[in-house]
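Please build the complete structure, drawing on both the sequences and the hints.
2 protein chains.
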Amino acid sequence: MSQLKNDLLLRALKGEELERPPVWMMRQAGRYLPDYIKIRNKYDFFTRVETPELATEITLQPIDQVGVDAAIIFSDILVIPQAMGLQVLLEEGKGPLLPKTVHTQADVDALITTDVEERLHYVMKALALTKQELNGRVPLIGFAGAPWTILCYMVEGKGSKSFDKAKQFCFTNPALAHRLLQKITDVTIQYLKAQIKAGADTVQVFDSWSGMLSPADFKIFAQPYLLQISDAVSEHAPVILFPKGSWYAMSDLSKSSASGLGLDWTVTPQQARKWTNSSITLQGNFDPSKLLGPIPEIKKSVKEMIDAFGTKNYIANLGHGILPNVPVDHAKAFVDAVKEYNKV
Amino acid sequence: MSQLKNDLLLRALKGEELERPPVWMMRQAGRYLPDYIKIRNKYDFFTRVETPELATEITLQPIDQVGVDAAIIFSDILVIPQAMGLQVLLEEGKGPLLPKTVHTQADVDALITTDVEERLHYVMKALALTKQELNGRVPLIGFAGAPWTILCYMVEGKGSKSFDKAKQFCFTNPALAHRLLQKITDVTIQYLKAQIKAGADTVQVFDSWSGMLSPADFKIFAQPYLLQISDAVSEHAPVILFPKGSWYAMSDLSKSSASGLGLDWTVTPQQARKWTNSSITLQGNFDPSKLLGPIPEIKKSVKEMIDAFGTKNYIANLGHGILPNVPVDHAKAFVDAVKEYNKV
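In order, the protein sequence lines correspond to chains A and B.
As numbered in the numbering used here, residues 1 to 344 make up the first sequence, in order.
As numbered in the numbering used here, residues 1 to 344 make up the second sequence, in order.
Derived by calculation from the structure, the hints in this document are not laboratory data.
These numbers were taken from a predicted model, which means no experiment stands behind them.
Quick reminder that beta carbons are idealized off the backbone N, C-alpha and C, glycines included.
Any given hint might turn out to be false.
Unchecked claim - Pair ranges (Cβ atoms, derived):
#1 Ser251(B) to Pro294(A): 28 to 34 Å
#2 Arg179(A) to Gln105(B): 55 to 61 Å
#3 Lys312(A) to Lys219(B): 24 to 30 Å
Structure representation (structure tokens):
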């Protein structure tokens, strides 16, 4: 394994004092990049995800073209329901669809929890190939969905404004919900460990729908499983937790074994530092819509954001995935502004 | 005007000590009620909104059938874009659609700001008729959308996951955005005053999409206009502000001229009381999805919620609109649990 030439991300996760924070963007390997669109026009979603050469090419695009300080493997959180035996359909431009959803004890019992590494071998191959192609330029991030978010899709079968069917499942049959969450957790731990073995330098756990839960329900249906994953995986590599919308959980999660905590843009840096007692590396939290504004405004706002977070224990990122309609030079302006910090 | 037999809501907004809090539910006159569905099957959305007899009948249904302590007039926040000259289409089961959206100075200048009372005469007629039919049983709530939320629809033309076009408009042309927000504010103030004159005992301002804004942008594009409305209208009747998702604004808004502040379910009662220094009446914040759970659980959670908020300066409500798939007896269990508080 080649030595990393740019290890800013890993040093930020260790809490080292840095000249400037590392920067990457959620969904950086995605639809705002014309070269990604070219690949998308030729291959359907799961072909892109399941063909290591394509996943690698897509993963590398923003490193070469936008200059981010980390690569995140091109994949999808819904490979876990697939590995557990559920069909996942993804039509371009529409959300995901799981034709068979999970409702009964028999449905939960039927879910497969073994051989994750073999079932998702194409992800590990893509990680290994990307690692090789990166040749130490920047660290490689692996990822998975959090158990609550995966449960949402397994029960609901698709995206939702309120995920009320998923919540109804949890509220009416909490024992079965916990059984399902535990199965997803077990698989996710195996999966993240395999990703690290294959070359991921750090892993992020996306709890995209945790903000739908009240603070009390988050503590019941989301937090325990995030902590289990963090505890099991952080021995192998640093873990970043991103429970989107769950600002109320930041204090608790800052005391966990995780090295990083992702934030959306509804939290001020000052408030986030206060809640987390400056004890964990924070990642975020630029409003993705701000990248649609003028470049001078982007640069000014990035500087203000770093001024407020500081350069220690901080990873510059968006507060959610980059939007498909962001011009590439605006994305680049965001990255450049972070890189120029402290140079002016 | 007949004396109110049940004035719990108004006393709660005044901060009086009460035996139990008043209770109503956002979207209580809506799709979970079979009698509403019957009317919906006969008349399209704007016929229901624009025919005072139908709006009144729909408004009264939850008073008679679910037993809430307040009526809220059946209408829609998008009557304001209509009154300002924009066409609004609403197809059943789909979201709203504004075929002509607002982008340029000319678009903003073309918006009508006069004669709101005449343009929305059917709302005032529905309020007057409902007031008469209520015959003092419970107070009547009027409402409007907040300027930021109305801007979202005017610019975007429809619902959105991120309202990034609306934000882009604000970030790239803030002067024009403020001009638009001010026009909407002026119209909304006239509209709410007219509603009070027509019979509304209190009014609520729904900022349904304020939670999409960062704390800094909320202070620029949402808060000043909420405060203007509150200041202008609260001389005439108590104002309730509901900036959904904007937990970060609670402290500031608690110092405003508003009498009440709506909360979604991501805030604990303890945290909300702390942020607002117990200086304003809080309204909320039951997770609407919880009404899909078992009745004993609903009743238990309602009791816990009131225990935490207390009976002073508190209005029991959901944290967002009631879901269409809630069984009526579950909605009734929610209301009954509030009414039974302190009786057991």
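Hint check results:
{"no.": "1", "hint": "Ser251(B) to Pro294(A): 28 to 34 Å", "verdict": "holds, 31 Å"}
{"no.": "2", "hint": "Arg179(A) to Gln105(B): 55 to 61 Å", "verdict": "holds, 59 Å"}
{"no.": "3", "hint": "Lys312(A) to Lys219(B): 24 to 30 Å", "verdict": "holds, 28 Å"}
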